[in-house]
Amino acid sequence: MTTEEKKKRAINRLKSMYPLRALVDGMYEKAVEASKHGEPVAWCMVNWWAGDTVLHAMGVHTVHPEDYGAVCAAFGAAQNYLDIAGSEGFPSHMCGYARNCLGYAAKLQQMDEIPPDAPMGGMPKPTLLLGSGYFCDTRYKWFQALGRYLDAPVWVLEMPHPGVHESRIEGAVQRDISFIVNELKEFIAFLEKLLGKKMDWDRLEELVDATIEMNRAWHEVNELRKARPCPMHSRDFWSSMPASLYMAADPRETAKLYWQMRDEVKSLIDAGVGAIEEEKYRLAFAELPPWHSLKFFDKLAERGWNFVVESWAYHPPRPLDLSGISDPLERLARLTYQFFAGYFEDAYDSGDAWGYFAHPYLELARDYRCDGMVLHPLLSCRTATNHLLVIQDQLLERLKIPSLVIEGDIVDLKMFDPADALSKAETFEETMDHYKQVRKAEGMEW
Amino acid sequence: MVGKTEQTVTGLARARAIYQDRTRRINELKAGGRKVFGYLDAYPVLEMLTALDIIPYAILGDLDEPITRADTCLPTVVCPFLRSIMDLGLKGRYDFLDGIAMAHSCEVAEKVAHIWRIYLKPGYAHFIDTPHTTHASAIRQHRELLQEFKNTLESFAGKQITPERLKQAIALHNRQRDLVRQLYDLRKPDPPLISGAEMLQVEIAVMSLPVEEGNELLTEVINNVRERRDVPPLKPVRLLLWGSMIDDTALLDVIESAGANVVIDDTFVGTRAFFSKVELTDDPLDDLARRYLVGIQNPRTFRENPISDGRKDYMADLESRFGYLKEYIQEWNVNGVILQALRYCDIHAYEVPSLRDYLNRIGLPSTYLEHDYSKAAMEQLRTRVQAFIEVIG
Ligand code: SF4
Ligand code: SF4
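As given, the protein sequences belong to chains W and Y, one line each in that order. Whatever position you read off the first sequence (first residue = 1), add 728 for my numbering. Whatever position you read off the second sequence (first residue = 1), add 1197 for my numbering.
For reference, chain W alone in the conformation it holds in the complex (with noise of 0.2 Å):
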């Protein structure tokens, strides 16, 4: 790229990011190589930590199918895989990455080898599923349904979904904290008689300081955003997260990067550089983004829109202190409790019965300033869809806080029109002066 064209660019990227890119790439390769050798490679749901670091404890490569969607969506495999599903009498109507993932699975079984056209080197056959119970019926339902091409066995690592009242119950949290353990218990169990050896305690111990040290880190990067101009644009979080969220390497050299990115960031605001040009609006964006098309975001940077907050569901749970828990498995237990309740006691507060989903968006548009929220309904990911409305109605009404609705999918992404979604721009922009007023008359910060 010539200097002239870096020049041009609308969104300053930060250096820091693309090393944590490249862990999340190297992902699929390192399985794959490691089940060459008869090592043990899990596919594994979204889990916050607590499965993957048992799992890495042991031993055990993990690839997460979810991603694995997204990168055969990038690529343009993942029609074929969805026709597979189709054909094998999946409905269509159920989750996009869960089908991909169906029809890899059978074309794995017919060509007993990993497919020749699988991006980025495929996922091995693995030797175990590790499906959970967090947020999303999909990832415990989609793993059974691998049964009909895997043999690998499945187990479904249980997460507590209080409700914000009930878990201000006496003893709830605690309750619930003990059942998460407990299931740690019950699957390290599991694990030991699979795989026909022990947990290496020591190395658990050391994980799992080092995923509170990596979250911690991913924190900072972020509460650091909330700087004006903002530094670190949205395309730059979605591309670091992923490094976080499947746990795509070491969490020791993952945190080491994350650090390295607070500090980019933190030279980038003492220096008053902001992640565009100039920042005329502040938006959070909702969901998953449209990520074959995110280009998209140049666009609007160039119109002022800064993209400074995301989802709640990626972002890391509020440092909260460990240090005095001696029992490695109630530390890790009491981060991943964190990352669904964290906002639970503020949402009690506020008189949110939502804690998860609904309220976190109130206080991130809050915190991060934001002029308005672009909302982006999944068509065939409900979970990330669910709340949309909700949210919409409540930013409004509480916080008079716009929204934008611009529809899209995980695997169609023909579903994204960007042009469309342009063309309303304007008139959000628009939109978006209005409450500013009405947020000041209201005597608001901003």
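Everything labelled a hint here was simulated from the structure, so no lab data went into it. Glycine included, every Cβ here is placed at the ideal spot set by N, Cα and C. There's no promise every hint is true.
[To be verified] Here are the simulated DMTMM-like pairs of lysine to aspartate or glutamate, each with C-alpha atoms no more than 25 Å apart in a straight line:
| no. | chain 1 | residue 1 | chain 2 | residue 2 |
| --- | --- | --- | --- | --- |
| 1 | W | 1008 | W | 1145 |
| 2 | Y | 1509 | W | 920 |
| 3 | Y | 1288 | W | 761 |
| 4 | W | 853 | Y | 1387 |
| 5 | W | 853 | Y | 1510 |
| 6 | Y | 1509 | W | 761 |
[As the list claims (entries may be wrong)] Far from chain W, by Cβ distances over 12 Å, these chain Y residues were calculated:
| no. | residue |
| --- | --- |
| 7 | 1226 |
| 8 | 1263 |
| 9 | 1274 |
| 10 | 1289 |
| 11 | 1301 |
| 12 | 1337 |
| 13 | 1341 |
| 14 | 1456 |
| 15 | 1494 |
[To be verified] Interface residues of chain W toward chain Y, partial, derived using beta-carbon atoms under 10 Å:
| no. | residue |
| --- | --- |
| 16 | 746 |
| 17 | 872 |
| 18 | 922 |
| 19 | 967 |
| 20 | 1121 |
| 21 | 1156 |
| 22 | 1166 |
Given chain W's structure and the hints, the job is docking chain Y with the ligands onto it.
This is chain Y with the ligands only, laid out in the frame that chain W set:
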């Protein structure tokens, strides 16, 4: 106390009247000072409500009511049954409820529990975070969650649920389960003595009444059905209906008018709600925890996959997941299965290919239907239903 308006008709006719107007009797009971709580799906523990003299009332949707208001809080890509109940709630149809009990019966139902609270502000609301698995730790957790539910109900009601009272309530609900079973037994002859559509009406009526009154109604219906002369006609096909929420007779009418008798089901308003009983020991809370988590057959609960030599045995897995259906099929002499799921119902959609593998294995023909919870959608299924019945008839 039986209301005057209801005394004129009995048995099946009374069940039909309640099915057609679910609010009349409940309003009479409310006027008499009774408290009524709405519950969603099979997981809120009804015995606890009964033990406090609170009437459990199933929250159901309405196929005849176009969804308009729910568009403000639930997108069109979620389960249309849940959109329907939210819509009815926003239109005031459930304003008479004194409280609600919801559970983590599926992902969207869990979210609806929160959304209901945000928009409808019920006087009492409790969410039971029913675990997803039958792990030992999940059963223990469930017991604790039921203890918590019990505590909140007691503070709402201002009185305790004594162990005796809880056992009585369990006995009443178990009696109801026995009575429903007896009625299902009357579907074993050929032709069955009660049609699938009538059965659904009775079950919905029972879910709209206090348990004692539901039991009286069931006794009447059983006697009525045993003696009836106008039994459903003999048809060559006896079907099992499996899948998502069916709370209207529309689909059953389509199937039964196309030349088949639906003789057994595997749906919420049916065997899932009534077949599993509470096995009483000296720890009723544990008994309830087990019944509601392990006892209820429903694909939302993940059951362990049998493993040999570190590998999962798919056929053994199918047997452990669907083996109970073989009993239904044999006992009710079923010769075909209709699988149906509401569009966007993941819990059921994922199950379809594996369940069909299982049915193929035991040599039973099946078909899969998908619909969007409207009368028009049910009607559009007629040709496919007819074709399926012709193939096996
Ligand atoms: S539905 Fe969405 S959240 Fe659930 S597994 Fe699929 S992509 Fe992930
Ligand atoms: S029909 Fe399916 S999605 Fe709807 S409430 Fe029932 S299980 Fe949930």
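Tested hints:
no., hint, in the structure
1, W:1008 / W:1145, "24 Å, holds"
2, Y:1509 / W:920, "16 Å, holds"
3, Y:1288 / W:761, "58 Å, violated"
4, W:853 / Y:1387, "49 Å, violated"
5, W:853 / Y:1510, "16 Å, holds"
6, Y:1509 / W:761, "24 Å, holds"
7, 1226, "28 Å, holds"
8, 1263, "18 Å, holds"
9, 1274, "6 Å, violated"
10, 1289, "19 Å, holds"
11, 1301, "6 Å, violated"
12, 1337, "7 Å, violated"
13, 1341, "5 Å, violated"
14, 1456, "25 Å, holds"
15, 1494, "15 Å, holds"
16, 746, "35 Å, violated"
17, 872, "7 Å, holds"
18, 922, "6 Å, holds"
19, 967, "27 Å, violated"
20, 1121, "6 Å, holds"
21, 1156, "20 Å, violated"
22, 1166, "20 Å, violated"
Hints 3, 4, 9, 11, 12, 13, 16, 19, 21, 22 from the earlier list are contradicted by this structure; the remaining hints agree with it.
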